[in-house]
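**Student:** What follows is each chain in one-letter form.
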Amino acid sequence: GAVVSQHPSRVICKSGTSVKIECRSLDFQATTMFWYRQFPKQSLMLMATSNEGSKATYEQGVEKDKFLINHASLTLSTLTVTSAHPEDSSFYICSAHRHYGYTFGSGTRLTVV
Amino acid sequence: AQTVTQSQPEMSVQEAETVTLSCTYDTSESDYYLFWYKQPPSRQMILVIRQEAYKQQNATENRFSVNFQKAAKSFSLKISDSQLGDAAMYFCAYRRDSNKLVFGAGTILRVKS
Numbered sequence: 003g004a005v006v007s008q009h010p011s012r013v014i015c016k017s018g019t020s021v022k023i024e025c026r027s028l029d030f031q032a033t034t035m036f037w038y039r040q041f042p043k044q045s046l047m048l049m050a051t052s053n054e055g056s057k058a059t060y061e062q063g064v065e066k067d068k069f070l071i072n073h074a075s076l077t078l079s080t081l082t083v084t085s086a087h088p089e090d091s092s093f094y095i096c097s098a099h100r101h102y103g104y105t106f107g108s109g110t111r112l113t114v115v
Numbered sequence: 856a857q858t859v860t861q862s863q864p865e866m867s868v869q870e871a872e873t874v875t876l877s878c879t880y881d882t883s884e885s886d887y888y889l890f891w892y893k894q895p896p897s898r899q900m901i902l903v904i905r906q907e908a909y910k911q912q913n914a915t916e917n918r919f920s921v922n923f924q925k926a927a928k929s930f931s932l933k934i935s936d937s938q939l940g941d942a943a944m945y946f947c948a949y950r951r952d953s954n955k956l957v958f959g960a961g962t963i964l965r966v967k968s
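Chains A and B, in that order, are what the protein sequence lines are. When the letters of the first sequence are read in order and numbered with this note's numbering, they come out as residues 3 to 115. When the letters of the second sequence are read in order and numbered with this note's numbering, they come out as residues 856 to 968.
Hints were generated in silico from the structure; no laboratory data involved. Computed from a predicted structure; not experimentally measured. Here a beta-carbon is modelled for each residue, glycine too, at the ideal position from N, C-alpha and C. Certain hints may be false.
No more than 30 Å apart at the CA atoms, straight line, and that leaves these computed lysine-lysine pairs for BS3-like [stated by the list, open to error]:
| hint | chain 1 | residue 1 | chain 2 | residue 2 |
| --- | --- | --- | --- | --- |
| 1 | A | K22 | A | K57 |
| 2 | A | K22 | A | K66 |
| 3 | B | K910 | B | K928 |
| 4 | A | K22 | A | K68 |
| 5 | A | K68 | A | K43 |
| 6 | B | K925 | B | K910 |
| 7 | B | K933 | B | K910 |
| 8 | B | K955 | A | K57 |
| 9 | A | K16 | A | K43 |
| 10 | A | K43 | B | K967 |
| 11 | A | K43 | B | K955 |
| 12 | A | K22 | A | K43 |
| 13 | B | K955 | A | K22 |
| 14 | A | K16 | A | K66 |
| 15 | A | K68 | A | K57 |
| 16 | B | K933 | B | K967 |
| 17 | A | K43 | B | K925 |
| 18 | A | K68 | A | K16 |
| 19 | A | K68 | B | K910 |
| 20 | B | K955 | B | K933 |
| 21 | A | K66 | A | K43 |
| 22 | A | K57 | A | K16 |
| 23 | B | K928 | A | K43 |
| 24 | B | K955 | B | K928 |
| 25 | B | K925 | A | K66 |
| 26 | B | K925 | B | K955 |
| 27 | B | K933 | A | K43 |
Label pairs and their computed distance ranges (CB to CB) [claimed, not checked]:
| hint | chain 1 | residue 1 | chain 2 | residue 2 | range |
| --- | --- | --- | --- | --- | --- |
| 28 | A | Q31 | B | I901 | 19 to 25 Å |
| 29 | B | Q857 | A | S7 | 28 to 34 Å |
| 30 | B | A926 | A | E89 | 40 to 46 Å |
| 31 | A | T59 | B | A871 | 22 to 28 Å |
| 32 | B | K925 | A | G18 | 48 to 54 Å |
| 33 | B | A926 | A | A4 | 30 to 36 Å |
| 34 | B | S968 | A | N72 | 24 to 30 Å |
| 35 | A | Q62 | B | K925 | 27 to 33 Å |
| 36 | B | P864 | A | N72 | 23 to 29 Å |
| 37 | B | T873 | A | K43 | 20 to 26 Å |
| 38 | B | T873 | A | S75 | 29 to 35 Å |
Start from the sequences, fold in the hints, and give me the full structure.
**Tutor:** Below, the structure is given as structure tokens:
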């Protein structure tokens with residue numbers, strides 16, 4: 003079946019540094035990738051939509067300069083958290099849209115200290 | 856704007872018993888997709904079941920079935936013969952424009968042995 007590989011699964015970084023999260027579709031081409039943020043015991047909040055070869059579209063309230071999304075190929079989308087601060091600590095999940103379904107990455111737990 | 860409401864923050868069920876998780880949604884569209892996702896402690900999102908709004912027949916997947924009431928905008932999930940492995944957070948989701956998913960707040964399901 004379709005698999006989206008997300009790395010890293012966990013990352014700890016210092017405040018002020020940047021962190022890159024990668025999502026790769028392993029056996030299919032993902033023209034659209036969605037990026038979510040999830041706080042403990044809460045729902046998934048859509049941050050942005052990335053489309054291969056074009057600029058990402060961000061949901062209202064999401065800082066595009068802080069959360070840089072790149073979708074340079076049909077199998078790779080990346081989310082870079084720039085100048086991370088402790089309030090950016092969260093669980094980040096990617097999801098690729100296929101036909102009428104979705105395949106999710108396994109998530110990245112980001113801790114900013 | 857489309858919204859998804861899950862009014863049960865937590866539910867408990869005895870092993871082998873049946874439990875129903877509630878979900879209501881708001882939309883002005885006539886054709887859409889609804890989903891139930893399971894998120895176990897690993898936090899990997901797993902598709903449980905999908906319903907297409909134009910299909911009147913309720914979707915079923917083994918022990919999982921839905922009660923889709925389009926006029927009432929209700930989409931409940933029934934889990935029969937509950938197993939310990941069913942313990943997880945369950946999210947109801949609605950597919951909105953541009954294939955974006957809107958998630959409900961989630962219901963934590965606990966299964967007692």
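**Student:** Look at each hint and say if it fits the structure.
**Tutor:** Now the hints, each set against the structure:
1. K22/A to K57/A: holds (17 Å)
2. K22/A to K66/A: Roughly 14 Å separates the two Cα atoms, so the pair holds.
3. K910/B to K928/B: holds (14 Å)
4. K22/A to K68/A: holds (12 Å)
5. K68/A to K43/A: holds (24 Å)
6. K925/B to K910/B: holds (10 Å)
7. K933/B to K910/B: holds (18 Å)
8. K955/B to K57/A: Cα-Cα ~16 Å, so holds.
9. K16/A to K43/A: holds (25 Å)
10. K43/A to K967/B: OK: K43/A and K967/B at ~20 Å, within 30 Å.
11. K43/A to K955/B: At roughly 21 Å apart (the allowed maximum being 30 Å), K955/B and K43/A satisfy the hint.
12. K22/A to K43/A: holds (24 Å)
13. K955/B to K22/A: Roughly 23 Å between the alpha carbons, so the hint for K955/B and K22/A holds.
14. K16/A to K66/A: Since the Cα atoms of K16/A and K66/A sit roughly 21 Å apart, the hinted pair holds (cutoff 30 Å).
15. K68/A to K57/A: holds (15 Å)
16. K933/B to K967/B: With a Cα-Cα distance of about 17 Å, the restraint between K933/B and K967/B holds, given a limit of 30 Å.
17. K43/A to K925/B: Holds, at roughly 29 Å.
18. K68/A to K16/A: holds (15 Å)
19. K68/A to K910/B: Violated, at about 42 Å.
20. K955/B to K933/B: Holds - the C-alpha atoms of K933/B and K955/B are around 25 Å apart, at most 30 Å.
21. K66/A to K43/A: This hinted pair holds, its Cα atoms lying about 25 Å apart.
22. K57/A to K16/A: Status holds; Cα separation ~28 Å.
23. K928/B to K43/A: With Cα atoms ~25 Å apart, K928/B and K43/A stay inside 30 Å; holds.
24. K955/B to K928/B: Within the cut-off at roughly 19 Å; holds.
25. K925/B to K66/A: With Cα atoms ~37 Å apart, K925/B and K66/A exceed 30 Å; violated.
26. K925/B to K955/B: The given pair, whose Cα atoms are some 20 Å apart, holds under the 30 Å limit.
27. K933/B to K43/A: holds (22 Å)
28. Q31/A to I901/B: 19 to 25 Å: Given range 19 to 25 Å: holds, Cβ gap about 22 Å.
29. Q857/B to S7/A: 28 to 34 Å: This hint holds: roughly 30 Å between Cβ atoms.
30. A926/B to E89/A: 40 to 46 Å: holds (43 Å)
31. T59/A to A871/B: 22 to 28 Å: About 46 Å separates the Cβ atoms of T59/A and A871/B, which means 22 to 28 Å is violated.
32. K925/B to G18/A: 48 to 54 Å: Holds, at about 51 Å.
33. A926/B to A4/A: 30 to 36 Å: About 34 Å separates the Cβ atoms of A926/B and A4/A, which means 30 to 36 Å holds.
34. S968/B to N72/A: 24 to 30 Å: violated (47 Å)
35. Q62/A to K925/B: 27 to 33 Å: Holds: the Cβ-Cβ distance is about 29 Å, inside 27 to 33 Å.
36. P864/B to N72/A: 23 to 29 Å: With Cβ atoms ~37 Å apart, the hint is violated.
37. T873/B to K43/A: 20 to 26 Å: holds (25 Å)
38. T873/B to S75/A: 29 to 35 Å: About 46 Å separates the Cβ atoms of T873/B and S75/A, which means 29 to 35 Å is violated.
Hints 19, 25, 31, 34, 36 and 38, counting from the list given before, are not met by this structure.
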